[in-house]
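Novice: So you can see what is in the structure, the chains are spelled out below.
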Amino acid sequence: MRTSPELRAKARPAGDCVWEIAPSEKAGMRVPARIYASEALFGQMDDGVFEQVTNVACLPGIVRAALCMPDGHWGYGFPIGGVAAFDAEDGVISPGGIGFDINCGMRLIRTGLSEGEVRPHITELIGALFEAVPSGVGAKGFVRLTEESFRRVMVQGAGWCVTHGYGWPEDLERMEGQGCLPGADPTHVSARAVSRGIEQLGTLGSGNHYLEIQVVREGGIHDPVAARALGVEAPGQVFVMLHCGSRGFGHQIGTDYLRIFDQAMPRYGIRVNDRELACAPFRSPEGQAYFGAMTAAANSAFANRQVITHRVREVFSRIFGRDARTLGLEVIYDVCHNTAKLERHRVDGREMELVVHRKGATRAFGPGAPDLPSAYRTIGQPVIIGGSMETGSALLVGTAHAMEETWGSTAHGAGRTMSRAQAKKLVRGDTLIRDMAARGIVVRAASKSGVAEEAGFAYKDLSAVVDVLHRLDLSRRVATLSPIGNIKG
Amino acid sequence: MVDPATLSITVERAVNIEAPQLDLLLYDWLSELIYLKDRDRHIFPVAQVSIAGEGPFRLEAALQGGVIDPERTALGADPKAVTFHQFVLEQTADGWRARLVIDI
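Protein sequence lines, in the order shown, are assigned to chains A and B.
The numbers in numbering that gives the first Met the number 0 rise by one with no breaks, and the one at position 372 of the first sequence is 371.
The numbers in numbering that gives the first Met the number 0 rise by one with no breaks, and the one at position 100 of the second sequence is 99.
The shape of chain A in the complex, shown without the other chains (with noise of 0.2 Å):
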């Protein structure tokens, strides 16, 4: 695939943070592309956005634009930071417009606990917590599960959970869906995905997969009415948030069904610029088992992060003597950032069914939105965004205006600004162990060179997206958190 500038340079502004290349600059393109970003943020963007999000415009059936979110860099297939919604009818699904890790997502947990009292037991608490949430190359999590178990586990999701004792009724309802996308059949996943998946629910994973303890600072609260209603009260208070996805089996689901699109594709004349890119008509037989399948592994990630949240629970009750509710340690949000979803939307004056891909971007929908607690319901839904494990996360809630203007959708992190492999090159994994733990920050790690991966400097500054998204009304600040200790697969 070219990663020329040539498209780049074929941008042009189109309102304030806002750039559009129009389809007559690439053949094959039937919408516009548009990109959400600053001018600096615009020309961070590796070539490849570019290529990538043209290439998104080619796909039958997309409906209105490609676009791409200011944290956009350059992925497979999709941008990170791609979203596209195709007519449900006569568009395609593509699994390279989801992401290998499906449903990876973020959760936000807040605590009635101050930096004060967590602070002496920093060291002790990250301890605890590696060793009740594996992670890492080969993790194996605690819950045993049947096949039969498993499946219901990709039907049910985070319910599953809660059934079992692995969390409390009211976790459910602040979660994207109720933790439970419909349409999950696990008569679609293959029995390698099974296989693959089965022994690690309760994991974290490894690359940019985390669970960290964070504090809200002085200054760190933007809207206080938004800010109260999502129980985000005080300068001080302690919050945990984790990363992480449907591990094995989802990356197992996106490997089967990539390669059966690969061979489908010309029975149903189709033809993409990106082998990654590849796809099936929504309503075909590989369309739908794949949706199927692909919801079966949501909904196992959903699973993943609330049993997660179980140990992390027990932890705390551990360490500060006493129980996961007195310590307030309640779901604030869950959403995913790597799915396609059927969704109801207005476009050109009437309602349409949408398939709504989001690859590494979140769900944002406005107040009102009929799956939000009532609790929420006036604010909007909260976009919980995770920042670099040096530099801290943001809180959001969506706007009316994303309904109208991205099918309510988001960015989801600060975006890379260099490769893996360029980050281990400029620090050593140990040595920033060390600095960070000299700024108050305690790291532990199952792998010292991922670490490095994920240095601070190897991301685009998160206060940069975060004005982009809130200029643009695409989600509107509401907290900043940052690190104080952090666990890394």
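It is possible that some hints are incorrect.
[To be verified] Here are the in silico distance ranges between beta carbons for each label pair:
no. : chain 1 : residue 1 : chain 2 : residue 2 : range
1   : B       : D68       : A       : D370      : 40 to 46 Å
2   : A       : G42       : B       : Q20       : 17 to 23 Å
3   : B       : A97       : A       : D46       : 19 to 25 Å
Bear in mind the hints are in silico, worked out from the structure with no lab data behind them.
Computed from a prediction, not measured in an experiment: that's the story for all the values here.
Using N, Cα and C, we set each Cβ at its ideal position, and we do this for glycine too.
Following the hints, put chain B in place on chain A, whose structure we already have.
Specialist: Frame of chain A, contents of chain B only:
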């Protein structure tokens, strides 16, 4: 995946794969190694591979490796999948050239 120097060679395994195209055979072969890493926690630093056929193509591999031991094995990146991103397999004057990107 891991530093092979920190892995004891204790496992032998035979793998047989068939695919309609040579590039898919390569995709399936590498996907198999990633699958075994998750299913059995087996890593195979040693492989003897032979390929036959003219479509379908067949791969036979004799693997030697070990089990990941969290106490002893130095862990690296955890591969998720083989991608088709910039995927190239081509015959050259000197043999074969492949370019692959693994999602980690």
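Novice: Hints first: check each against the structure and report whether it holds.
Specialist: Consistency of the hints with the structure:
Between B/D68 and A/D370 the CB atoms are about 44 Å apart, so this pair conforms to the stated range of 40 to 46 Å. One distance hint, 17 to 23 Å for the beta-carbon pair A/G42 and B/Q20, is violated here, with the actual separation near 40 Å. Between B/A97 and A/D46 the CB atoms are about 24 Å apart, so this pair conforms to the stated range of 19 to 25 Å.
Against the hints set out earlier in the document, a violation occurs for number 2 only.
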